[in-house]
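Asker: Residue numbers (this note's numbering), protein chains in the order written: chain A, 298 to 603; chain B, 298 to 603; chain C, 298 to 603; chain D, 298 to 603.
In short, the hints are calculated from the structure, not lab data. Model, not experiment: these values are computed from the prediction. Among these hints, one or two may not hold up.
Same chains, same names: a pair is fine if it fits in one copy or spans any two.
Said to hold, decoys possible - In silico lysine to aspartate or glutamate, EDC-like type, Cα no more than 20 angstroms apart, as pairs:
| id | residue 1 | residue 2 |
| --- | --- | --- |
| 1 | 525 | 379 |
| 2 | 479 | 424 |
| 3 | 525 | 592 |
| 4 | 479 | 458 |
| 5 | 577 | 592 |
| 6 | 430 | 443 |
| 7 | 567 | 518 |
The primary structure of each chain is shown beneath.
4 protein chains.
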Amino acid sequence: MKPDYQKIISRVYADISAQPNLGKVPDYIPEIACIEENKFGVNFTDLDLNSFGCGDFQEKFSIQSISKVFALSFVYEKLGEEIWKRVDVEPSGNPFNSLLQLEADCGIPRNPFINAGALVICDILLEVCENPKEKLLEFIRELAEDDQIFYNNAVAQSEMDNSFRNTAMCNYMKSFGNIHSKPSEVIDLYCHLCSIEMTCEQLSKSLLFLVNEGEQPFDGERVLSSSKVKRINAILLTCGFYDESGEFSFLVGLPGKSGVGGGIVALYPKHYCITVWSPKLNEKGNSYRGMKFLEEFTTQTGESIF
Amino acid sequence: MKPDYQKIISRVYADISAQPNLGKVPDYIPEIACIEENKFGVNFTDLDLNSFGCGDFQEKFSIQSISKVFALSFVYEKLGEEIWKRVDVEPSGNPFNSLLQLEADCGIPRNPFINAGALVICDILLEVCENPKEKLLEFIRELAEDDQIFYNNAVAQSEMDNSFRNTAMCNYMKSFGNIHSKPSEVIDLYCHLCSIEMTCEQLSKSLLFLVNEGEQPFDGERVLSSSKVKRINAILLTCGFYDESGEFSFLVGLPGKSGVGGGIVALYPKHYCITVWSPKLNEKGNSYRGMKFLEEFTTQTGESIF
Amino acid sequence: MKPDYQKIISRVYADISAQPNLGKVPDYIPEIACIEENKFGVNFTDLDLNSFGCGDFQEKFSIQSISKVFALSFVYEKLGEEIWKRVDVEPSGNPFNSLLQLEADCGIPRNPFINAGALVICDILLEVCENPKEKLLEFIRELAEDDQIFYNNAVAQSEMDNSFRNTAMCNYMKSFGNIHSKPSEVIDLYCHLCSIEMTCEQLSKSLLFLVNEGEQPFDGERVLSSSKVKRINAILLTCGFYDESGEFSFLVGLPGKSGVGGGIVALYPKHYCITVWSPKLNEKGNSYRGMKFLEEFTTQTGESIF
Amino acid sequence: MKPDYQKIISRVYADISAQPNLGKVPDYIPEIACIEENKFGVNFTDLDLNSFGCGDFQEKFSIQSISKVFALSFVYEKLGEEIWKRVDVEPSGNPFNSLLQLEADCGIPRNPFINAGALVICDILLEVCENPKEKLLEFIRELAEDDQIFYNNAVAQSEMDNSFRNTAMCNYMKSFGNIHSKPSEVIDLYCHLCSIEMTCEQLSKSLLFLVNEGEQPFDGERVLSSSKVKRINAILLTCGFYDESGEFSFLVGLPGKSGVGGGIVALYPKHYCITVWSPKLNEKGNSYRGMKFLEEFTTQTGESIF
């Protein structure tokens, strides 16, 4: 018998709303820093397209690194296993040595979800598309069945103005030959992807193809082969939460991805997608309430991939 | 409809047997170095205790690091979440910086399956039991319903004679206060655990409690709570294969654990356990044929947690 | 009694010319890669302005990192001890972890002679001068009493086209606030400084102020205070040869600086300056024959600061 | 004209005595922790054996790492350049990555004055002598012309009880084959050497052979060749003060060696040896007043090797 998801979600939402909202909104992007920090939304959508939510689940927020899942899916579909020559699938362990790792690994990033890896994915995007920004937006809009998804150019510009570390990384990888376009173009695309704004509802729906073995549940269109989907889910589990990936796997037990905008998406393969948004981040850069919510949610459903 | 596991296993076994057996038997433990390198065994056991195998699946081999799963389960049951104060649950990323990580992490190992973490687990074992060697052997024998499981003292001695790196790590952690007993006692216990010898068949059976939400399927006895089992499985997935954990998750998609004796155990929660043994190791220290077999097996069954 | 320097130099020059010329001309700068690899020049100039040389000592070559000595002297004179807030005076130990060190040291480079440190010095130059390129050339020309010293714009351009690692470093330090101008301007200045071309004779003469407690020996003009000169010489000794600084100190025992153009300058305080040029570099990036020559020269004179 | 050393020393001693005594006595060795923290002694001895001092210069203290100079001199004399196959002569850069460096350098320590290097020197001592403890004490007594120099067994024992990091390092190097004896024997010898107690006066005198090109000034006996002495002095300059070596070279400009007992010896080749003792250490582990004293002393004499 299935758990009563709606009841569980409402209860957990209420419980967590009643607890102190710890953590900190990151201050390096003015457009994000000024967000109302007690925003809190949750959306659940299953493969039968039952969808419901709590709180601010229909309000748009900056999806930031969650966009890396779309970018990876897009280039993986285009180029296939080829892409793994330029980016690995291993967890990175520790943020502080990422540049050291790049050196040891000869410019091959550990995985497509750390910044270095996402920059390589952007570089590939620039190679496979004429208009990567438009193409990617189109791809996401089709997944979400929704035209009202946009870049936030002010956020993108803000991030470009503060992209010294990513520029460092990009140039460093270029010194190994693993960036082909100009670093400034790669950074521009990267910052735009991060600036995409979506609601919890849109995010849940748009990622259902990863729950559904590669097909969109609403029209049966195949986005990716089931084998590729399995592999993306595997990387999400081992690498989706920076150096808190092990912790998320341990506490929540579902593949997922977080962004510094405060969003987290979690997937239960063959069943549902659940998205949480709350802007205050814990020390590892993941939404404080998002992590809490999902931990409690899976504890109450008893459902996880393990 | 369930796949015909027996047929798939026989076919994959035959295919891989026909291919070149690459890799290398490690030479630093004389008792393991002299093993017949083409030994190859597979066992499949499900929750209904259907069990069958191919090749050398009833021959004993040195389980080495697979014993870390038993040791962790044992202390986790005894002490509960307390143990995570002394060992973390994050993948370690890269072998070459493990000592650097220990420094950055103030002597707290990244996870219980890297050597540093297993040494801490051994240190805890020494604190919670009077006779940890006997207790642990007893624990494993009960899980396997089989008294014929032993330490190989010659292997243990051999490993102790070559344990300079582990001794280094143990002393290093002791300098941070995260080893409580004498380093030499910790090393002695650690090397003994590594020396345990079991067959593929015994291994599959003894780990069914991790497939069965914590209960032994043959007598319903609870070994661990379902929540603890989920967590161990999560750590197995993110950390069970050293710095090839991401790759195993990517290619196979099941929690598992390998040992330098050439054994690999993989678990499909709620369904079955499958153990492969082939002594030649790939560059990352995991059984070459074991990895190949499991990749092909999950490809043909289409089953994974993702 | 003073050694007969001219005799010793001629003899050592002849000996080393007769031995195989090992090492490799670096290939990443086309203008340097095409140099005749057996060029070999030596110049000795003392405080009485006795000067003599062997071989190609009047031929210009790319001084590369030797220019860092001029840049440091120039900004040290302008800003005084202030500069040490932005760059340290410690040897860096090991090239491979320079980025890790930058992280650990919060963007403060270890010393002004590693690339990161020289980039900070260039950034300071951009702050203290309107026309840093002209000012620095003027400074060097005055030190050498010679107007015929120029940038090689082709070499500078070539280096800019291959400056991905330096650009990485520069952006990385900017992320810590330790680069104030635009990274591209810093890199432009840095690459120009590296491209300066001088002869062994010009180099020896232009660095006599470091031998002479801060005064130019030909006109008594003070370039730097004696205390600042002592400090520059100290840094030259501990940091002048990348991760071969200890070896140079051990074998030669004089402060000095090398460049990838194959030049090495060594200073015997209160006595003389000696410059060697030979384009093939050893594994650590220092002139193979330059190192050999200076080791043998100090062995035969018995003179060193130790 | 020579400076009036006695006057300068008295003045600087008085000045520094009048200033606050900052820093901290290390607490990990009970026998050292309980020392009266305002002890402060200085001794100056030149090659004519003029010797004078201020304050507690005739009181014994634990020479700790200064003993590494004696150990290196002893084995260098016995084995010659052979020893550099097992230990390098480069500054180590940064304490926090010493174990990482050992890995990158395949178990070869950076230099004989970091702990790892001194452990290798102790291991060599165990190979070249039957009774290394007695031999080394004899060697030091002859250099000091004084039989009243001893090990402090309580200090040695205390250090052995807290030697987990050195034991870690020793085992780690043994795993690379660069330690030949048992780690426990190496540690025992190492801790004894550190426990030697001497006065400032004894230290200055015993190290005059390094000032005098290898000969004892009082009887003309040769201890080491002048070439070996130059090399030891070079390593003292680049590596004698852990990761403050560059700073000491920069501020003081003399080769020297410090110990955590609060002693510092500095050498002005061909002229004199000066020893300072004050137990409170700065953040880098060097005597706070010792550093201050020597900086001020060389500023006032205007003498340095640069």
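Asker: Could you run down the list of hints and mark each one as holding or not?
Answerer: Each hint, compared with the structure:
In this assembly of identical chains, residue 525 and residue 379 lie within 20 angstroms of each other by CA distance solely inside one copy; the values are 12 angstroms within and 38 angstroms between copies. Proximity of residue 479 to residue 424 under the C-alpha cut-off of 20 angstroms is restricted to the intra-copy arrangement: shortest distance 11 angstroms within a copy versus 28 angstroms between copies. With identical chains, the CA atoms of residue 525 and residue 592 are at most 20 angstroms apart between copies only, with a shortest distance of 14 angstroms across copies and 27 angstroms within one. Both within a single protomer and between protomers do residue 479 and residue 458 lie at most 20 angstroms apart by alpha-carbon distance, with minima of 17 angstroms and 11 angstroms respectively.
In this assembly of identical chains, the alpha carbons of residue 577 and residue 592 lie at most 20 angstroms apart only when taken from the same copy (17 angstroms versus 40 angstroms across copies). For the homomeric pair residue 430 and residue 443, the shortest alpha-carbon distance inside one copy (17 angstroms) is at most 20 angstroms, but the shortest distance between copies (55 angstroms) is not. For the identical chains of this complex, residue 567 and residue 518 are intra-copy neighbours only, at 16 angstroms inside a copy versus 31 angstroms across copies, given an alpha-carbon limit of 20 angstroms.
In this structure, every one of the numbered hints holds.
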